[in-house]
Amino acid sequence: MDEGKVAVSSCKSALLYNERACSYDQELEAKGYQGPSTAARALAAIFTDDRKNKVILDIGGGTGLVGEELKKEGFAVIDILDSADEMLAIARQRCIYRNVIKAEVKGHNSTPLEGDSFDAVLGVGVIFFIGNVGFTCSDIREMIRVTKPGGIIIMTLRTETLYSNLYRDKLLPLFDKLQSDGVWEQLERSQFKYMHGVEGQLFVYRKM
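Heads up: the sequence shown is residues 715 to 922, going by my numbering.
Simulated from the structure, these hints should not be mistaken for laboratory data. Glycine residues also receive a C-beta, built at the ideal position from the N, C-alpha and C atoms. Each hint should be verified, as a subset may be incorrect.
[Unchecked claim] When the alpha-carbon atoms are kept at most 30 Å apart in a straight line, the in silico DSBU-like pairs for lysine-lysine are as follows:
{"#": "1", "residue 1": "LYS745", "residue 2": "LYS907"}
{"#": "2", "residue 1": "LYS785", "residue 2": "LYS884"}
{"#": "3", "residue 1": "LYS820", "residue 2": "LYS785"}
{"#": "4", "residue 1": "LYS907", "residue 2": "LYS786"}
{"#": "5", "residue 1": "LYS907", "residue 2": "LYS766"}
{"#": "6", "residue 1": "LYS785", "residue 2": "LYS766"}
{"#": "7", "residue 1": "LYS816", "residue 2": "LYS785"}
{"#": "8", "residue 1": "LYS884", "residue 2": "LYS745"}
{"#": "9", "residue 1": "LYS884", "residue 2": "LYS820"}
{"#": "10", "residue 1": "LYS816", "residue 2": "LYS745"}
{"#": "11", "residue 1": "LYS862", "residue 2": "LYS816"}
[What the hints assert, rightly or not] If you anchor each label on the Cβ, the simulated ranges turn out as follows:
{"#": "12", "residue 1": "GLN740", "residue 2": "PRO863", "range": "12 to 22 Å"}
{"#": "13", "residue 1": "SER737", "residue 2": "SER894", "range": "42 to 52 Å"}
{"#": "14", "residue 1": "ASP764", "residue 2": "HIS910", "range": "34 to 44 Å"}
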C-alpha cells in the first residue's frame, strides 16, 4: 500500500483507504507507481526455482497490486494482510490470494499469523509518514517473526521517508542493529524510481 500525507489516527487511516479503494489503483497508475513491480522482481531474482510453491505474505497489501506482480513472476501461494475492508474486497476479486486476512500490524506478535510461516514477506509502501502514523519499528519485528529462518523480507519506501520526523535516526539504525544482532542480513539496498518525480529505496534482507 502506498501513502498519502494526511495526519490521521490508525483507525481513520483504514477508513481513508476504504474511501479511496475504488480509485486507488487508477491513482497510483497515473503516478507511475513502481513499488509492486520492483519488489516482485527482486524476489524473483532470489527465488529462481520452484516459485509456485513458495509461501508469500503481502503485508499491508491494499487492493492487491503486489499480488498481481508476484503472479506475473510465477508465485502462486500468496496471502494478503491489510486493515481496510474495501481494499481487501478488491484484492479478493483478483483471485490471486490464498488467504485474505483483515488485521492491523501493531507491533511484535500483533497479528494472528503463525511465526516462521512464510518464505518471504513483502511490505511495499507500508513504511511511510502521515502525521504520527506509520509502520513502526516494532512492526518490522512482526514481519521478521512470521518469516521462516532463511526467508526473505523485502521493503520499499520513498527515500524521503528515511528523513521524516517519524523515522529519522530510527529506521536505518534499527536495520543495522538487527543485522549486528544476527537477526537478519542485508542482501540489497538500492534506489529506484518510486513514482513520477519521487525516488524510492528497496531493502532486501534474509532472516537468519
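Here is how each hint holds up against the structure:
| no. | hint | in the structure |
| --- | --- | --- |
| 1 | LYS745 - LYS907 | holds (11 Å) |
| 2 | LYS785 - LYS884 | violated (34 Å) |
| 3 | LYS820 - LYS785 | holds (28 Å) |
| 4 | LYS907 - LYS786 | holds (20 Å) |
| 5 | LYS907 - LYS766 | holds (28 Å) |
| 6 | LYS785 - LYS766 | holds (9 Å) |
| 7 | LYS816 - LYS785 | holds (21 Å) |
| 8 | LYS884 - LYS745 | holds (28 Å) |
| 9 | LYS884 - LYS820 | holds (17 Å) |
| 10 | LYS816 - LYS745 | holds (27 Å) |
| 11 | LYS862 - LYS816 | holds (21 Å) |
| 12 | GLN740 - PRO863: 12 to 22 Å | violated (40 Å) |
| 13 | SER737 - SER894: 42 to 52 Å | holds (43 Å) |
| 14 | ASP764 - HIS910: 34 to 44 Å | holds (36 Å) |
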